[in-house]
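Visitor: From first to last, the protein sequence lines are chains Y and U.
First residue of the first sequence? That's 1 in full-length UniProt numbering, and the numbers climb one at a time after it.
First residue of the second sequence? That's 1 in full-length UniProt numbering, and the numbers climb one at a time after it.
For the record, the hints were derived by calculation from the structure and aren't laboratory data.
All C-beta atoms in this analysis are idealised placements derived from N, C-alpha and C, irrespective of residue type, glycine included.
There are no misleading hints in this set.
DEER-style ranges, computed between Cβ atoms:
(1) Y:Leu2 with U:Gln314: 55 to 65 Å
(2) Y:Gln330 with U:Arg295: 35 to 45 Å
(3) U:Pro95 with Y:Ile229: 27 to 37 Å
(4) U:Asn275 with Y:Ser18: 29 to 39 Å
(5) U:Arg89 with Y:Asp274: 26 to 36 Å
(6) Y:Lys255 with U:Pro114: 38 to 48 Å
(7) U:Leu139 with Y:Asn349: 52 to 62 Å
(8) U:Thr350 with Y:Thr337: 58 to 68 Å
(9) Y:Val308 with U:Pro95: 52 to 62 Å
(10) Y:Pro271 with U:Thr54: 45 to 55 Å
(11) Y:Asn349 with U:Asn267: 50 to 60 Å
(12) U:Leu139 with Y:Lys117: 51 to 61 Å
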Amino acid sequence: MLGERIVFNGLNSEKMFSSETVPLPELAPGEILVKVRLASICMSDVHTTTGQRVEPTPSVLGHEAVVEVVAHRRPESDLMKGDRLTFSIADSCAKCEFCLKGLSQKCTKLFKYGHAKLSDGSGFNGCYASHIIIRSGTHVVKIPNIIFDRCAAPINCSLATVMCAMEFVPKIKNGRAFVQGDGMLGLYTSVVLHELGYETVYCSGNHIQRSQFITRFGAVPLYNVNYEILIEETNKIDVVVEVCGVSNVVNDGIKLLKPGGLYLFLGMVHPHSDLHITGEQIIRKCLMIKGIHNYAPRHLDQAVDFLVKTIDKYPYEEVVGPTYDLSDLQNAIKIATEKTYARVLVKPNMK
Amino acid sequence: MIVSRILIRSFKQKYSHICRTLCSAQKSNATTHTEKTYPISGTRTVFNGINSQTMFAPQTALIPELTPGEILVKVRLASICMSDVHTIRGQRIEPTPSVLGHEAIVEVVTHRRPESDLAVGDRLTFSIADSCGQCEFCLTGLNQKCIKLFKYGHAKLSDGSGYNGCYATHIILRRGTHVVKIPEIISDRCAAPINCSLATAMCAMEYVPKAKNGRAFVQGDGMLGLYTCAALREHGFERVYCSGTRLQRSKFIEHFGGIPLYNARRNEILEEETNKIDVVVEVCGVSNVVNDGLRLLKPGGVYLFVGMVHPHSQLNITGEQIIRKCLTIKGIHNYAPRHLDQAVQFLEKTFKKYPYEELIGPTYDLSDLSQAMQISIEKRYGRVLVKPNVLTS
Chain Y
1 MLGERIVFNG
11 LNSEKMFSSE
21 TVPLPELAPG
31 EILVKVRLAS
41 ICMSDVHTTT
51 GQRVEPTPSV
61 LGHEAVVEVV
71 AHRRPESDLM
81 KGDRLTFSIA
91 DSCAKCEFCL
101 KGLSQKCTKL
111 FKYGHAKLSD
121 GSGFNGCYAS
131 HIIIRSGTHV
141 VKIPNIIFDR
151 CAAPINCSLA
161 TVMCAMEFVP
171 KIKNGRAFVQ
181 GDGMLGLYTS
191 VVLHELGYET
201 VYCSGNHIQR
211 SQFITRFGAV
221 PLYNVNYEIL
231 IEETNKIDVV
241 VEVCGVSNVV
251 NDGIKLLKPG
261 GLYLFLGMVH
271 PHSDLHITGE
281 QIIRKCLMIK
291 GIHNYAPRHL
301 DQAVDFLVKT
311 IDKYPYEEVV
321 GPTYDLSDLQ
331 NAIKIATEKT
341 YARVLVKPNM
351 K
Chain U
1 MIVSRILIRS
11 FKQKYSHICR
21 TLCSAQKSNA
31 TTHTEKTYPI
41 SGTRTVFNGI
51 NSQTMFAPQT
61 ALIPELTPGE
71 ILVKVRLASI
81 CMSDVHTIRG
91 QRIEPTPSVL
101 GHEAIVEVVT
111 HRRPESDLAV
121 GDRLTFSIAD
131 SCGQCEFCLT
141 GLNQKCIKLF
151 KYGHAKLSDG
161 SGYNGCYATH
171 IILRRGTHVV
181 KIPEIISDRC
191 AAPINCSLAT
201 AMCAMEYVPK
211 AKNGRAFVQG
221 DGMLGLYTCA
231 ALREHGFERV
241 YCSGTRLQRS
251 KFIEHFGGIP
261 LYNARRNEIL
271 EEETNKIDVV
281 VEVCGVSNVV
291 NDGLRLLKPG
301 GVYLFVGMVH
311 PHSQLNITGE
321 QIIRKCLTIK
331 GIHNYAPRHL
341 DQAVQFLEKT
351 FKKYPYEELI
361 GPTYDLSDLS
371 QAMQISIEKR
381 YGRVLVKPNV
391 LTS
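Turn these sequences into a full structure, and let the hints guide you.
Guide: Okay, here's the thing in C-alpha cells:
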C-alpha cells in the first residue's frame with residue numbers, strides 16, 4: 001500500500017514543501033496505521049514556515065487531525081478498522097519518571113508527531129499526509145459520531161492543551177477569568193472556563209471579527225474598551241490565561257490578578273517571549289504562574305468528553321474555516337497565516 | 001539611668017484617651033487575667049524615618065486598656081528581620097512614625113480572650129498579620145492578604161494602640177491575631193524568629209510536592225535558607241543544595257541538612273544538576289539567581305519565590321522557559337495562621353536535631369537598637385536579638 005506525505009524541506013530550501021509517495025511500512029507491535037480524514041493547521045506550523053520556529057528537516061509537519069483506523073497491532077484494544085480516532089501528539093514510554101507522574105509530554109523518550117525527522121520511525125510522522133503510523137506509545141481516543149470531522153481535527157493539540165491547563169484552575173465561586181488571546185486556544189479556554197462555572201470570562205485579542213464568536217463561547221469580548229476593564233478589574237481576576245503567544249500582555253495579566261491568583265502561560269513557547277516583570281509582583285500577590293506545554297493522555301480523554309458534552313451548545317463548526325486539498329498545503333498555510341479563521345483544514349485526496 | 005534615657009513626649013490626641021483609661025482603671029476589671037492594675041507604662045522605640053534627626057527615639061507611653069479580643073504581652077526577646085534592616089537603609093519604605101520589629105517571643109500580661117486557654121505568663125508567638133477572618137482572602141486561607149490587614153512592625157504609631165511593633169517592652173496583640181503557645185523545650189532565642197522567618201518557610205513548604213528521591217536547591221543562606229533546608233529534609237528530600245554569599249555559613253548549612261555550595265563548587269553543581277532539580281527556593285532577595293534556578297529545574301518542577309519582595313527584582317526570563325518545562329512559579333509572602341502552628345510544631349519536633357541556637361547571635365538592649373541593627377547588616381549571624389528592659393509603672 002502506498003501513502004503520500006508532504007515533506008517539509010526547510011525555509012531555505014528550493015522547494016519548501018514537496019510531495020512524496022512511498023510504500024507504507026509494515027506495522028510493528030502496538031502500532032496503528034491510520035488514514036488522515038482531516039488535518040487542521042496549528043499556528044505553530046505557521047510559525048515554522050515563517051521561520052519563527054525551527055523544526056528538524058526533512059520532516060512531515062502537521063500534528064492535529066482526526067484519523068481513521070486502517071489496520072492495527074493492538075490486540076488488547078477494542079480498535080476496529082474504520083474507527084475514527086484522535087491521538088496524542090506525544091508518543092511516550094510510560095515508564096520514565098515524567099510519564100509516571102503524569103507529565104508524559106516530557107517523556108525522556110519523547111517523540112512528537114509533526115515534529116520528527118523523516119528518518120525517525122516510519123517517516124509517516126505528521127498529519128500533512130494521507131496516512132500516519134501511530135506508534136506503540138501513543139494514546140488514542142475514539143471520536144463519537146456526534147462529533148464531525150471539522151470539529152474533531154483540532155482536538156489533539158488545541159483542545160487537549162486547554163484541558164491540561166484547566167487541571168490547574170480552581171473551581172471558584174463567582175470566579176472571574178481573563179483570557180488573553182482570541183485564537184482557537186482562546187475560544188476553547190473561554191468555553192471551558194464558562195462550563196467550569198466561572199461567572200465572568202473576559203477574552204481579549206487582535207481579531208475584532210472574533211467578537212461574536214467570543215460571546216457565543218461564553219465570554220465577554222474585549223477589544224478597544226480594553227483599558228477601562230483593565231482598570232476596573234485590577235486585582236479582581238482569579239485566573240488569567242495567556243494564549244496569544246505574546247509576552248507583553250503579561251504585565252496586564254499580573255495587574256489584573258487578585259492576591260492568590262493563577263496565571264497560566266500557554267501560548268508563548270518561543271524565544272521572543274521576554275518577560276518584563278519583577279519577582280516582587282509575583283511575591284507580593286502570592287501569585288502562581290504555571291507553564292503549560294502540550295498535555296498528557298488523560299487530557300485527550302477529557303477533551304473528547306468535553307466536546308461530546310457541549311457539541312450542541314457552542315458553534316464549534318463555525319470557527320473552523322475552509323478545507324484545502326493536501327496538494328494545496330502551502331496555500332492553506334498562507335490563509336492560516338492571515339488568521340481570518342481560527343483553523344484552516346487540509347484533506348488528502350480531495351481532488 | 002533608665003529614666004535618663006526616657007524622653008517624655010506630649011500625647012496630643014492620645015491625651016484624652018489616656019484620661020479615659022485612667023478613669024476606667026478605677027472600675028472593676030472585667031476580666032480576671034490582670035497581673036497588675038492599670039495604668040501600666042511601656043517603652044517603645046519609635047522609628048521616625050531615615051531622614052529624620054533621630055531615626056530611633058524611645059518613647060514611654062501609657063499602655064491603653066484592652067478592648068475585647070486583645071492581649072497585652074511583654075516582649076521577652078525580639079529578633080531583627082532583614083526587612084527591618086532594609087527599612088533603615090532606605091531600601092524599604094515603612095509608614096512613620098512607627099514601631100518596627102515583627103519577630104518576637106512574648107509573654108501574656110493580661111488578655112481579653114475569655115474563650116481561649118491563655119494564662120498570664122504564657123510564652124507566645126503571634127501572627128505578624130492581624131486579619132479579619134471574614135473576607136474572601138481570609139476565607140480561602142490567604143489571611144496575609146486580608147482586606148483589613150494590619151501588620152505588626154509595619155503600622156503607623158497612630159494605628160490602633162501604637163504598641164504595634166516588637167522593638168518595645170510591650171505589644172498589644174489585636175483580636176484578629178492568631179497566637180500559639182511556645183512549648184517549654186523551645187528557648188526564647190530560638191522562638192523569636194518563628195513568627196516571620198520560620199512561619200514563612202512553612203507557608204512555602206505547602207507548595208512543595210513530596211518527591212521520591214527529591215532534590216532541592218535553596219538559593220540563600222540566611223535564616224530563611226537554613227530553615228528551608230531543614231524543612232525540605234524533614235519533608236523527605238534526599239538532596240538539598242544550599243548556595244549563598246557567606247562561605248562561613250557552610251558548616252551551618254551542613255548541620256541543617258543541606259549541601260553547601262559556594263564559588264567553583266556551585267558552578268559545578270549548576271552544570272551537573274541542570275534539569276534535575278524538583279524544587280528551587282529563592283530566599284536570598286536577589287533576582288539574578290532566577291535564571292540559574294530555571295535551568296536547574298526539571299520539567300514539572302516548582303520554583304518558590306520568597307525573598308525578593310522589593311522593586312529591584314527585575315526578572316530576566318522568558319515565558320518560553322516557564323512553558324517548555326511546564327514549570328510552576330509560586331510567590332510566597334508572609335503566611336496564614338496555620339503556618340504559625342506548623343512552625344511551632346516543626347521546631348518542637350526538630351529542636352534537638354538541628355543547631356537552632358547556634359544560628360542566633362548576640363542580644364542587645366532595646367536602647368541599643370541602632371547598634372543591634374548595624375550588627376545585623378553585617379550578616380554575621382542568622383539573627384541578632386533585642387531585649388527590652390521592662391518598665392514598671
